[in-house]
Structures are given as C-alpha cells and as structure tokens.
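Chemist: Respectively, the protein sequence lines represent chains A, B and C. With the numbering used here applied, the first sequence covers 4 to 524. With the numbering used here applied, the second sequence covers 10 to 386. With the numbering used here applied, the third sequence covers 18 to 143.
Read the hints as simulated data drawn from the structure, not as lab findings. Computed from a prediction, not measured in an experiment: that's the story for all the values here. By construction, the Cβ of each residue, glycine as well, lies at the ideal position given by its N, Cα and C atoms. Where hints are given, some of them may not hold.
[To be verified] A few chain A residues facing chain C, derived, Cβ under 10 Å:
| hint | residue |
| --- | --- |
| 1 | L31 |
| 2 | P32 |
| 3 | N70 |
| 4 | I75 |
| 5 | R77 |
[What the hints assert, rightly or not] Restricting the straight-line Cα-Cα distance to at most 30 Å, the calculated cross-link-like pairs of lysine-lysine (DSS-like) are:
| hint | chain 1 | residue 1 | chain 2 | residue 2 |
| --- | --- | --- | --- | --- |
| 6 | A | K467 | B | K30 |
| 7 | A | K136 | A | K7 |
| 8 | A | K211 | B | K354 |
| 9 | A | K256 | A | K136 |
| 10 | B | K30 | B | K12 |
| 11 | B | K354 | A | K427 |
| 12 | B | K32 | B | K12 |
| 13 | A | K256 | A | K7 |
| 14 | A | K424 | A | K256 |
| 15 | B | K216 | B | K278 |
| 16 | B | K12 | B | K216 |
| 17 | B | K12 | A | K424 |
Take a look at the letters that make up each chain.
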Amino acid sequence: MLSKVYSGSVLGIQGYIVEVEVDVSGGLPDFTIVGLPDAAIRESRERVRAAIRNAGWGFPARRITVNLAPAIIRKAGTGFDLALAIGILGATGLISGPVAGFLVVGELALDGTVKPATGVLCIALAAREAGWKKIIVPRANWQEAAAVDGLDVYPVKSLREAFDVIRGGRAGHIIRDGMSCKAPSCGGFPGLESPDTGETPADISDVKGQVHAKRALEIAAAGWHSVLLSGPPGSGKTMLANRLATLLPPMTKEESIEVTAIYSAAGLLADGHGLVEHRPFRSPHHTSSIQGMVGGGRLLRPGEITLAHRGVLFLDELPEFRRDVLEALRQPLESGRVILSRAIGAVVFPARVLLICARNPCPCGFLGDARRECRCSPRAIAAYDGRVSGPFLDRIDLHAEVPGQYNGEMTQDMASETSGKVFKRIMVARAVQAERFCGEGISFNGEMSPSQVKKYCHMTDGAKSLITRALNSLGLSARAGARILKVSRTIADLAGRDVIAEEHVAEAISYRNPQRQIYPP
Amino acid sequence: MWKYYVLFNMVEGIGPKRIEKLKVHFGSLERAWEAPPEEIRAVAGLPDTVIEGLIRARSRLRVDDELERARRAGARIITVEHEAYPQNLRDIYDPPPVLYVKGDLAAADRAACAIVGTRRASSYGCAVASQFAYELAANGVTIVSGLALGVDSAAHRGALKAGGRTIAVLGSGVDCTYPPENSRLCREIIESGAVLSEFPMGTAPLKGNFVARNRVISGLSVACIVVEAPERSGALITSYFAMEQGRPVFAVPGDIRRAQSRGTHALIKDGATLANDVDEILETIYAQLGMPLMHMPGPLRHDMVGRDPATAGHGPIESLILEVLDDFEPVSRDEIYERAGPHAKSGNGEIELALLNLQMSGAIRPLPGGSFVRVGS
Amino acid sequence: MALEVGARGEEAVVAHLESCGYKVLCRNYRTRRGEIDIVALDGDTLVFLEVKATAAGGATDPFERVNREKRRRIVMAARHYLAAMGGAGAACRFDAAVVQLDRENAPQAVTIVRDSFSLDRMRGAF
C-alpha cells in the first residue's frame with residue numbers, strides 16, 4: 004500500500020515542503036529511502052523502527068520504500084522521522100483516513116517521543132505560503148509555529164499523540180493564530196511572551212565620560228551607521244558596544260519572525276522558545292573562519308553576519324581577524340545579504356547588521372594615552388594599521404576614539420544621559436527617515452545610494468564650502484566624503500533639521516579624522 | 010684631485026681614516042688609485058678583504074658614472090677639497106671626505122644648531138622641538154637634524170615655518186629618502202636648505218650608517234639640543250659625538266615617568282645644559298662663533314611659556330578652545346566639551362565646527378587618542 | 018554427535034511452530050550460495066527460519082552465531098527459494114528459533130524471534 008505524508012525541511016533559512024511517499028509491499032523485508040537523503044535521514048530508519056515498535060505497534064516485516072520529493076534537493080536533518088513513521092503506519096493500513104491535510108515535522112526518539120526539530124518556523128512559513136492549514140510540530144517547537152498567523156498548530160509529544168491527531172481522535176491542543184483553542188488538559192502552555200530575566204538592563208549611562216564615543220553610538224543607532232571604536236585596553240570599548248543594542252528600538256513582528264527563522268534554521272533556538280524578541284548581539288571571536296562569519300558549508304549554515312541580522316555584529320580586536328575573513332564580509336555588509344551558490348541555485352541569507360568594531364590604537368594599546376606610554380615604533384603602528392584593509396576601514400562610517408579615563412572624579416560627576424533619553428532622540432530621527440525613504444526600498448540614512456545622497460542631503464552654502472575645504476585639507480577620499488554626508492544627514496535628523504548645517508558636517512568629520520601619529524609627517 | 014675622494018668613498022670598508030692613511034702612504038690619492046696591486050697589498054693595517062675589495066673596485070668603478078648618477082638625482086658632490094665644504098664639519102676629527110648635497114649649503118650655515126630626539130616622541134617633545142627650531146631659525150640659525158619621524162621632523166618643520174634654513178643629514182644615499190613618509194618634507198627642506206649624505210648614490214638606509222650619520226649632524230652644528238631621548242638611542246649618540254667634537258649640548262627636561270626622558274635627564278646629570286630658554290641657546294651659539302650677542306640678526310623672542318594664544322580672527326568658541334588648549338600637554342575632547350559646552354548654543358556640533366576650523370587653520374593639532382594640542386608660535 | 022543434536026533441535030522447533038499455527042513447508046533448503054533451516058508459512062507471510070541450539074550453561078548468546086555472513090547466506094537462499102517457487106511478491110519475514118538444550122543435549126525450550134533482521138541492516142553484504 005502507498006501512503007503520502009507531507010513534511011518540510013530547510014535549505015539555508017528557506018523552508019520547503021517535502022512529500023514523503025511510503026510504499027509497503029511484499030518481498031524480503033527491507034527499508035530503503037530514496038530522494039537524496041543524507042546520512043542522518045538514512046539513520047532515521049532505525050529510530051522510526053524502534054519508535055513504532057515501542058509505541059506499541061509491530062513494525063511491518065515488509066519491503067518498505069520511502070521517496071522524498073522533490074528529489075533534486077539533498078535533504079538533511081532529523082525532522083522527517085515523524086512523517087516517516089506516520090507514513091509507514093498509513094501504508095500498513097493503521098490510519099484509514101486521509102493523512103493529507105497535515106504537515107508533519109518532528110524527530111523521533113527510540114521510545115516514540117517526539118523531539119524538537121530545527122527550522123520549524125521556516126517550515127511553518129513555507130507551509131502557509133503553500134496554502135497549508137494544519138501543522139503537527141514537536142511540543143518544544145510549538146511557539147515557533149504559532150508565530151505564523153493562519154496556521155493551526157498541533158503540538159505533539161509522542162508518535163502516539165500525532166497518530167491520534169491525524170486519526171481525528173483526541174486532538175490535544177490546537178493553537179490558532181497564537182491562541183490556544185482548547186483548554187490545556189495536561190500541564191499548561193507557557194505564555195506567548197518570553198520570560199523576564201529579571202536583570203537590570205545595561206544602560207549607556209553606565210559608561211562615564213566618553214561623550215564623543217557615546218554620541219557615535221547614538222548616530223549609529225539613529226541612522227544605521229557602522230562604528231569603529233579605538234582605544235586602550237580597559238577604556239570601555241566592549242562596554243560601549245554592548246550598550247549599542249539598548250539604543251535600538253524593539254523589533255517589529257516581521258523583523259522578529261525573520262530573526263527567529265534564522266535561529267530556528269540554525270538550530271540555535273532554545274527549546275520552548277517562541278519568537279526572538281531582543282535584537283541579536285553577536286560577538287564572534289577573532290579566530291572565526293570565513294564559513295563561520297559568512298555562512299555556508301555542506302549544511303548551509305548561516306554565518307555570524309546572518310545570525311546578527313537586524314541586530315548588532317560586534318568585531319572586537321578587529322585587526323586580529325583574518326584579513327580574508329574581513330574581505331569576505333565586505334560585500335555582505337554593503338548589500339545586506341549573503342549569497343551562496345550551490346548546484347541547485349543560489350541560497351540567500353539576510354545580513355542587515357549594525358556593524359560595530361573595536362580595536363586598540365596600536366600593538367601595545369597605548370598610542371595617544373594620557374598616562375601610559377606607547378612603546379610602538381611608527382613602523383609597527385603602520386603595520387598594525389595595515390592589518391585591516393583600507394577599503395574595509397573606509398566602509399565604516401564612524402571612527403570614534405575611546406580614550407582611557409583617568410580624571411575619574413570629573414567624569415564620575417558628569418551627568419550622563421540615560422539610554423532612554425538618547426533613545427527618544429533616536430526615535431524622532433528614525434521617524435523622519437521612515438517618512439523620507441517611504442517607497443525608496445531603504446529605511447536608514449546609512450543605506451543611501453550615491454544618487455539618494457544627492458537627493459536627500461541638502462546643505463547650507465556654508466556646509467558645502469566646509470566639506471570641500473575639509474576634504475582637501477585633511478586629505479580625505481571621495482568615498483569618505485560620501486560617508487560624511489550620510490552621517491551629517493543623520494546628525495541633522497537628530498537635531499530635527501531639514502537642511503544640513505556646518506556644525507552637522509563638522510561633527511560628522513570628527514568621526515573620520517583619526518590621528519595615527521603624534522607628529523604627522 | 011677631488012674625484013679620487015669620490016672613488017675611494019665608494020669602496021666598501023674604506024672610510025675617512027683609511028682614505029687619509031692611503032693618501033699619506035702614496036703621497037696622493039691619484040697614485041693610490043693607480044698603484045699596482047702588490048704595492049697596495051704592502052700597505053700596513055688594512056684587512057685583506059678590504060685590500061682585495063679595493064683592487065677589484067678600482068677596475069670596476071668609474072667616477073663619471075657616479076657623477077652622472079648624482080647629477081640626474083639633482084645632487085652636487087662636495088669634497089673636502091672644495092671651497093664650499095662646510096667649515097664646521099672640516100674641523101672635526103674624521104670629516105666625511107665626500108658630501109652629496111641636494112639643495113644649497115650657505116655661508117650662514119656656520120651658525121647651525123642640531124636638534125635631535127626619538128622617533129617615538131610625545132606631543133610635548135614634538136612641540137618643544139618645533140618651537141625651539143622655529144625660534145632659533147627666526148634668529149638666523151640653521152637647524153640640522155636627521156629627517157627621522159618624531160622629533161627630527163618636528164625640528165625641520167619648525168625651521169621651515171619660521172622661513173629659516175634647515176639641513177637634513179641622511180643615513181642613506183641622497184637618492185633614497187628614508188623614511189618614505191617624509192618625502193614631502195624632504196622636498197621642502199631642499200628648497201630652504203639642504204639634504205645631504207656622505208654615502209654614495211644608491212646606498213640603502215642600513216643600520217650602521219646612522220651612527221656615522223649622527224657624527225655629521227653634530228659636526229655640522231656648533232651646538233646640539235636633545236629633545237626626548239630614551240637610553241641607548243641615536244639621539245644620545247649624536248650628543249656624545251657633539252661632546253667629543255667640543256659642541257655644547259643642551260637637553261630638554263621631560264616627564265620623569267616617561268622612558269623618553271631618561272636619556273635627556275641623564276645628560277643633564279652629566280653636565281649638559283638644561284634647555285628651557287632660547288636666549289640662552291642663542292647666546293651659546295654666538296659665543297661658539299665668536300660673535301657678540303648684539304650682532305645677532307633678527308629680533309630676539311622671549312621665552313615660550315605663558316604666552317597668550319593668538320585669539321585674533323577667531324569666534325568666541327574658537328578663542329575659548331585656544332585658551333583651554335595647551336602648547337605641550339594634550340587636552341582630551343571630553344574636557345574641551347566640558348569647558349566649552351556651556352558656551353555652545355547648538356551643542357557639541359558647534360564645538361566640533363570650531364575644532365575643525367582651528368585644525369584647518371593650523372592653530373591646533375589633533376592627536377591620537379582624540380585629544381588636541383595648540384600649535385605654538 | 019553435533020549433527021544429531023542439531024537434528025533433534027530442529028525437530029523441537031518444527032513441533033513448536035506447528036503448535037503455534039505455522040505451516041512448515043520445507044526443511045534444510047540448500048543451494049550453492051546458502052541454506053535455510055526451515056521455511057514455513059505464518060498466515061500469508063512466508064517465514065525463513067534459522068535454528069540455533071544453545072547448550073545448558075553455554076555462555077554464548079546464540080544470536081551472536083547468526084553473523085553477517087550467515088545472514089547473507091540465508092538471504093541468498095531465500096531469494097533462490099522465492100524465485101524457484103514463483104513467490105517473488107509474497108510477504109516475507111526472517112525469524113530465528115533458539116533451542117535451549119539440557120545436559121543430555123535434549124531440547125528443553127524453543128523461542129521464536131520474529132523479524133530478526135531485514136535487508137536494510139546489512140547493506141554492503143551483497
């Protein structure tokens with residue numbers, strides 16, 4: 004007998020529907036899976052066999068052939084187990100009604116319990132797209148699936164439960180549009196909102212002094228500009244970077260779903276967790292490989308830049324990163340996505356990150372420090388600068404110095420603005436940008452193309468002449484000039500001004516004017 | 010026969026003293042160059058490798074080639090036999106027999122003062138070097154230094170800014186500028202003085218050359234000022250040469266916590282004059298030249314500390330910033346914000362605008378670490 | 018001796034199978050490439066049985082002796098049987114029978130292990 008069950012899998016972060024055909028026939032007992040399964044799927048035979056037996060059915064001593072369609076995609080992972088088991092039960096006549104109508108996702112344990120699967124949200128999104136109405140998911144993943152509107156979600160914790168749901172027996176719980184439709188009979192479902200961690204949130208006012216660097220974060224958060232913090236060890240670079248997230252508005256539901264889909268596909272979502280609500284903050288170690296940063300590999304895993312999508316990517320100790328890794332990041336940073344070419348076509352990962360980098364100013368870390376003495380030769384400093392390519396540094400909008408703090412009393416007394424207060428200005432600037440870029444396909448000043456820069460960066464005559472003079476006398480490149488204009492636009496937006504004035508340009512230039520030598524040649 | 014100096018100067022292992030020795034042995038350098046190999050082998054006190062090198066070099070080297078090379082690089086060759094050879098240098102124990110000169114040497118270069126110091130200078134060191142150079146050059150003194158980064162560059166620039174003369178002595182051939190970062194400075198010096206070297210065209214900036222170069226820096230000068238020198242630095246070596254050559258040595262005191270001050274403080278302990286007053290240095294220079302103080306050209310400037318910043322032509326915030334800033338000690342941006350903030354109506358952007366304008370006009374200089382220093386003079 | 022013990026064990030198994038409703042079709046089916054101890058019919062399902070006797074106090078698990086090579090030979094013989102009998106589409110099963118012997122090598126108890134293996138667990142054996 005032949006039965007068909009539908010399941011899903013993930014390619015990159017894109018879910019797709021997989022048709023699981025099961026044929027049970029006479030002949031010497033056998034169990035084969037065709038349709039480009041990977042090793043994990045071939046091993047699922049043993050899990051399915053044991054799960055069916057341990058759930059109380061006999062495993063048919065028949066010739067079982069499973070076909071996974073579409074056959075062109077190499078399927079990976081363990082999420083087909085449940086569909087396979089249901090298919091076998093169907094093909095042996097145990098399920099009489101139509102199995103179709105349900106999308107079935109889940110991994111099986113040997114005892115028949117259903118274990119969480121990766122990519123449930125991605126599959127649920129694909130299911131809705133393809134017009135499915137009902138999805139059976141592992142209980143641990145129900146919140147992911149429930150985030151997709153218009154799908155009835157049937158969380159199951161065992162093969163038996165899934166069997167009952169399909170047979171139309173005891174249906175357990177159904178979650179429709181994020182709401183539980185039936186009162187939970189055994190154990191409650193946790194609420195849809197993520198649990199409060201109870202920690203005091205980090206605040207930008209935790210960092211004393213560093214007015215210039217903090218302002219850089221404000222501009223970055225308002226206009227989605229990348230930042231480089233340079234300063235001696237212990238000056239607070241990491242602390243500042245960590246607080247950049249506090250200046251960003253919470254994610255919209257769409258953004259939240261995008262981010263959750265990435266984490267779901269990567270298998271990084273904690274069990275029982277629904278939508279990711281906080282913007283990601285990724286801080287990969289400087290030994291990371293290209294694959295780790297950009298993504299790829301046989302399993303097409305998303306890289307750090309994709310895991311930081313809609314959030315912050317923090318590269319601490321920037322010059323320690325491998326040069327080829329940074330070069331590989333350049334294109335995705337510019338375009339906001341990673342494209343990996345595969346035999347079946349290109350896989351696209353989103354990668355719209357707010358980049359923040361930190362570095363010591365020189366190998367010893369104390370160039371320009373007020374107290375400690377720099378022991379690096381000018382040549383060593385030049386070599387250190389050379390570790391990060393010019394084009395990479397050029398693409399960073401805001402270069403801020405984070406000097407060591409020594410006059411402790413003065414800075415302790417200085418009233419620091421709280422994240423909340425800065426945040427208000429940022430929201431105003433963001434609202435202005437949202438209106439400006441309506442229909443332009445971008446959301447922020449930092450994303451403007453050269454023609455958009457021309458269109459939206461109106462300057463006073465004074466500002467125009469200032470930028471020309473400054474580019475000449477400071478020896479800045481034309482590309483730097485364009486970056487300065489974008490940053491000036493954001494500064495003017497923060498000040499609530501329509502036309503960019505001289506002081507906005509001057510402030511933008513102050514973030515492109517780092518001094519590397521005490522006495523310039 | 011000055012061309013033979015050029016030839017001998019190009020032979021590896023033969024320096025001023027051996028040239029002198031050969032000249033004495035053969036009666037003239039021409040005869041030494043033309044002498045049969047066995048006669049050269051008979052010269053006592055020369056290592057065999059040098060003798061064989063010399064014999065081989067004699068058949069290979071042609072003076073016209075070197076002259077052509079120098080001419081194409083825009084350099085003149087001056088030997089001890091020339092009238093134009095610097096008088097100060099002629100007086101030392103082992104004057105370089107040949108100088109390759111780009112630019113011009115002038116009679117006024119008798120009144121020359123060396124300013125040397127570490128490449129890893131602090132902003133204070135650079136400011137002091139620049140300021141001393143400026144004041145001395147404005148009073149007609151030629152500033153001699155080594156074109157290195159840090160203090161040397163600051164000294165050359167100070168002299169150029171005053172419209173005075175300055176000489177850079179290289180540790181490589183004059184056709185290769187070292188360090189490369191200073192190629193622009195090098196061109197400016199050629200226009201207002203000279204860049205010179207005792208090494209033949211094409212000589213690479215080898216480590217060993219710099220010690221020899223240092224004796225030329227002190228030798229060209231009648232006094233030597235050391236600004237920031239850590240222990241065992243090239244600047245200290247220059248000061249030792251200066252003492253040997255009978256030139257008075259001045260040392261600029263610095264922060265006692267910094268390694269850059271150790272060498273200069275040691276010099277002061279050993280009897281060098283503490284340099285804090287341009288007048289005193291000028292007096293010493295003119296005393297060295299045997300000229301009375303009243304003959305000094307140009308007006309005398311007074312000491313450099315406590316002068317009011319030139320506030321003319323600046324807006325209120327700019328003037329305020331100039332008051333807050335110091336000629337030597339870097340002031341952090343946070344402090345500038347703190348002090349100028351209450352006067353800036355439209356926030357820190359206005360302060361940044363003032364800082365940028367001041368920087369572009371050359372009144373202040375940004376430093377690594379986001380601090381600023383006022384540019385003196 | 019050993020042969021005799023084996024035969025006695027097989028007798029016991031056949032008796033047990035028949036008592037369980039199996040219909041024994043053939044014993045000691047031998048081909049050049051393999052052999053099957055017993056072929057029986059369990060309802061519609063054709064069952065290929067391998068008999069293993071285990072001595073009293075014998076330390077080894079009888080299943081350990083049904084190794085990969087032995088299984089391969091059973092499968093080859095089963096294919097031969099199906100081809101010869103024209104039953105290629107029939108439902109089939111591989112069972113194992115374990116005969117417990119006492120001190121006099123007399124069969125004491127018989128255990129049938131249903132569906133003891135299937136082809137997918139021995140990929141590469143053919």
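Chemist: Each hint should be assessed against the structure and marked as holding or not.
Modeler: Right, here's what the structure says about each hint:
For the restraint placing A/L31 at the interface with chain C, the shortest Cβ-Cβ distance is roughly 5 Å, inside the 10 Å limit, so the hint holds. Below 10 Å, beta-carbon pairs count as interface contacts, and A/P32 has one with chain C at about 4 Å; its hint therefore holds. Look at A/N70: its Cβ only gets to about 15 Å from chain C, farther than 10 Å, so that hint breaks. Interface hint at A/I75: violated, since its Cβ lies 24 Å from the closest Cβ of chain C, which is beyond the 10 Å cut-off.
Among the interface hints, the one on A/R77 is violated; its C-beta lies about 19 Å from the nearest C-beta in chain C, farther than the 10 Å criterion. A C-alpha spacing of about 69 Å is found between A/K467 and B/K30, which places the hinted pair above 30 Å, so the restraint is violated. Note on A/K136 and A/K7: the hinted pairing holds, with a Cα-Cα distance of about 17 Å set against a maximum of 30 Å. Between A/K211 and B/K354, the direct Cα distance comes to roughly 23 Å. Compliance with the 30 Å bound is thereby established for this hinted pair.
Of the supplied pair hints, the one linking A/K256 and A/K136 holds, its CA atoms being roughly 21 Å apart against a limit of 30 Å. With a CA separation close to 17 Å, the supplied pair B/K30 and B/K12 stays within the 30 Å bound. For a cut-off of 30 Å, the pair hint linking B/K354 to A/K427 stands: about 21 Å separates their Cα positions. For the proposed pair B/K32 and B/K12, the alpha carbon gap of about 13 Å is at most 30 Å, so the pair holds.
Between A/K256 and A/K7 the CA atoms are separated by roughly 34 Å; this puts the pair beyond 30 Å, and the hint is violated. A distance of roughly 24 Å separates the Cα atoms of A/K424 and A/K256; the hinted pair therefore holds under the 30 Å criterion. The suggested pairing of B/K216 with B/K278 holds, with an alpha-carbon distance near 29 Å, which does not exceed 30 Å. As the CA atoms of B/K12 and B/K216 are separated by approximately 27 Å, the hinted pair is consistent with the 30 Å bound.
With a CA separation close to 79 Å, the supplied pair B/K12 and A/K424 exceeds the 30 Å bound.
In summary, the structure is inconsistent with hints 3, 4, 5, 6, 13, 17 from the numbered list given earlier, while agreeing with the others.
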